[in-house]
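A.B. asks: So the chains spell out like this:
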Amino acid sequence: MEAGRAFPGYEEIQPAPGFEEIHILWTSEGMSCDGDTVSITAAQLPRIEDVVNGNIPGLPKVHLHNKVLSPTLGGDEFLAPFFAAARGELDAPFIFVVEGSIPNEQINGDGYWTSMGNDPTTGEPLTLNWWIDQLAPKAWAVVAAGTCATYGGIHAMAGNPTGCMGLADYLGWEFRSAGGLPIVNVPGCPVQPDNFMETLTWVLYQAAGLAPVIPLDEHLRPQWLFGKTVHEGCDRAAYYEQADFAHDYNSPKCQVKIGCWGPVVNCNVTKRGWMDGLGGCPNVGGICIGCTMPGFPDRFMPFMDAPPGGSLSSMLLRPYGPFIRAMRGITNKGANREPRWRHNRPELTSGYEPRWGNTRGN
Amino acid sequence: MATTRERIEPEQRNLVEMSWDPITRIVGNLGIYTKIDFDNREVVECKATSSLFRGYSVFMKGKDPRDAGFITSRICGICGDNHTVCSVYAQNMAYGIRMTPLAEHIFNLGEAAEYMFDHTIFQDNLVFVDFCEQMVKDTNPSVLAKAEQADAPHADVHGYRTIADIMRACNPFTGELYKESLVQSRITREMFCLMEGRHVHPSTLYPGGTGTVATPQVFTDYLSRLIHVADFVKEVVPLNDDLFDFFYEALPGYEEVGRRRVLLGCWGAFQDAQACDYRYEHMTDWGRKMKVTPGVVVDGELVTTDLVEINLGMRILLGSSYYDDWAGEEMFVPRDPLGNPVDRRHPWNQTTLPHPQKRDLQGGNYSWVMSPRWEAGRGEPPLALDTGGGAFARLYATALAGIVDEPFVKAPGDGTVQIHLPKTPGRAEQTLVWRIPQWSNAIERDRARAYFIAYGAAMAFGFVEKALAEVRKGQTKTFTDFEVPDEAIGCGFHEAVRGVLSHHLVIRDKKIANYHPYPPTPWNGSPTDSNGVLGPYEDAVKGTPIFEENGPESFRGVDIMRAVRSFDPCLPCGVHMYLGKGRTLKKVHQPMFGAVH
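Heads up: the sequence lines are chains A and B, in that order. So in the numbering used here the end of the first sequence lands on 362, straight run, no missing numbers. So in the numbering used here the end of the second sequence lands on 1597, straight run, no missing numbers.
Chain A on its own, in the form it takes in the complex (with noise of 0.2 Å):
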């Protein structure tokens, strides 16, 4: 695929006058398993602490406020830079970072799904979207880090009861932070780390004033990172174009009959690697299942199937390459979409039934 549209008025986005301290606010409260922060910490293009010590020239000196990284307690201690912000009385600009799908609060009477703290004068849970609703609107810039809290992700999947969706589903596409901008997807369930850690530098240039509004596809990615599909950066891609295919998982060739979703799958992983160059997806034995998607995981399971596409662009392969990429593209624009009972509607359309007997044949 080429890249995306950039996202409507991207244009007029006004350049950041240029802070000298910021704060992260990063909550991981949403329906996450922390992934992505710890995926954080392998980074080392650039390395977490060496954005944290000021050691990357010219980025803001930055506060990070992030509960696996906290060197408080906990409770008030972690919370209070939230609470100053959601007052307004924060010294600095802040970047609000969101872990985790957003769950649907309004579906579940006097209970909650997910939350983060109490309320001081009551006693009772803040949920996340409390902290969202009072955040997001005061944020300079809002990050979505990985795939649950871009899109929804796994626990957003059919039959789901806690009705959760992406952060832009529940904010709305047009939705702009106080820099201006729309919130920044960095899909990946996890994130690849060095694509968050080089993403947030970015907006941190750009926080300082030195770099031009984040360059985001139509769905909020940034288009250097997601631009180009896993088949295009694979080295096993040379086995496809020969119709050479693995047909179980002890083969080093091409996995698109084995559940690969490569071709029509927006990410980097195979040009990156893992870790600095190392790991992968299929580049290492590992198939595509679509993980920095809108349509994950729904549109790519069961997993270990050939795409419907898969089987039927390998056959025609060698006859015509121009239909098979017309053919992905509609395929592409299948995996870009969410499913349709991801929203903030106060009903749950997700098909849930906890008792077996209902389930069987979904």
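These aren't lab readings, by the way, just hints derived from the structure by calculation. You may find that some hints are simply not true.
[What the hints assert, rightly or not] Cut-off 20 Å, straight-line C-alpha distance, at most; resulting in silico cross-link-like pairs (EDC-like, lysine to aspartate or glutamate):
(1) B/Lys1466 with B/Asp1272
(2) B/Lys1511 with A/Glu353
(3) A/Lys253 with A/Glu241
(4) B/Lys1542 with B/Glu1255
(5) B/Lys1146 with B/Glu1549
(6) A/Lys253 with B/Asp1481
(7) A/Lys333 with A/Asp298
(8) B/Lys1179 with A/Asp276
(9) B/Lys1358 with B/Asp1324
(10) B/Lys1466 with B/Asp1221
(11) A/Lys257 with A/Glu218
(12) B/Lys1179 with A/Glu49
(13) B/Lys1511 with B/Asp1486
(14) B/Lys1358 with A/Asp119
(15) B/Lys1511 with A/Asp305
(16) A/Lys257 with A/Glu232
(17) B/Lys1179 with A/Asp50
(18) B/Lys1542 with B/Glu1045
(19) B/Lys1511 with A/Asp298
(20) A/Lys257 with B/Asp1064
(21) B/Lys1146 with B/Asp1165
(22) B/Lys1146 with B/Glu1133
(23) B/Lys1510 with A/Asp91
(24) A/Lys257 with B/Glu1548
(25) A/Lys333 with A/Glu218
(26) B/Lys1358 with A/Asp110
(27) A/Lys257 with B/Asp1481
(28) B/Lys1137 with B/Glu1549
(29) B/Lys1358 with B/Asp1325
(30) B/Lys1477 with A/Asp248
(31) B/Lys1358 with A/Glu124
(32) B/Lys1510 with A/Asp305
(33) B/Lys1542 with B/Asp1039
(34) A/Lys138 with A/Glu20
(35) A/Lys253 with A/Asp235
(36) B/Lys1510 with A/Asp235
(37) B/Lys1510 with B/Glu1548
Model the placement of chain B on the given structure of chain A, informed by the hints.
C.D. replies: Just chain B now, kept in the frame of chain A:
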């Protein structure tokens, strides 16, 4: 830090309610709510609550069972691979697969790297912040003064002259050990990626084996990193001993912090490539041959090492959780494949019925975590086993069983585990000996973690040899094909980094009819159950003495946090602790790294 306080006076005690919610430096969503008697310097009551529900058991119903390993990895963002591996084990049983020895070695190498990575980053970058100079200065200045004067017994090995120097090395983001551990945690993750493709959700594991391309290169790349990691391990184990032994000396009575009855579960790790055929009928035998011995330890005695017995003893109780009971629902597995009756409260027979509701800490429901327990048949209610944060129970069970006899790790049956690390670039060969300690407490859970990093490294040396031997013989098959049966059941037992992990699977019409993963945190972080039995965090924090020098007004709760973090809480698997509800009397400003609020 404490958010609320309120005076109540049962039995003439002045109790102050204090809560920490969310708990930092753990993975996931946990709150701790306590009542503290400051006059007598003791925690009197504790409730643990998780405020997160995602519903894996619910949305996996009706899905293709082959997807289970990919999906369940997403339960946990730090040890997701443990779930994939456990799911593969359960699926192998259900599909009747035996994996090739090379595939088993690749799984074991990946998991060994995971233990090394995860224990390192959790210990040095999260736990040690509670023991660092900045924290000790703020909570126990007199202890820091002592540490400045205390020579580190192993200074010649790790290079820090005094205990205070070690504490300074642990300061977040700036300390030498803190920074070096981040670097080491990346090298071990690279080793992991060589075997399992990606961290934390692996790409190359499938039921039946792995797609990892088993060339000499992949194992050599792993070994070349391992030898340097082993240098680091040889330095940090004695450093841990120095730091923890100092706390016992400097604060007499510190052994009571986080102490509870010795009630430990370990479900075993590292399959024996020759013995494991994944048949339930043979599980007793191949379970005992795992390279970390499964076992249940009650009051210091090994009750069983039999995975079938362990399996049948599992009970999932409610009592304080936001779910409806499943007593009237379908029994999926009335008997196991050996003909033993399976309890209605066993994971195979569980139906998860979430019921969101208001949190009620005064005798009602307060957590999204259920209460897994183990029926020991000893005339007491099912036991609230803990995992000791994983490493502690693994070493304890392995030491008591005295079965493991590998080239680099031996359990001779004398209450020790002997971990041999060969000569590596910076250090001579070395044997580290872990001994069963007197207590199950915060310090010993933390100490065991360091030793298990060494255990993982030593095992990895052995697995690399075995894997390369297969490759040299030309036996490079890593995947065994299979068909999904119409109807089947399976179970997998494994050790997640922080403790016991099981997956129970029921297949009907080639679809998932029931799937229940039980990771360590539901065991450790469970709320009080229907029999009134406290969950392990609650139990361990209750009765914990307070050593912090700050009074109630500036109390930070470091002893309580050390007790809780010693279990290596990982709440996406589910926990939240609650300490009581009251009015806010005062907001207290605390020094925080990178923050001014």
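A.B. asks: Failing hints, ascending?
C.D. replies: When the structure is compared with the hints, numbers 11, 23, 24, 36 and 37 turn out to be violated.
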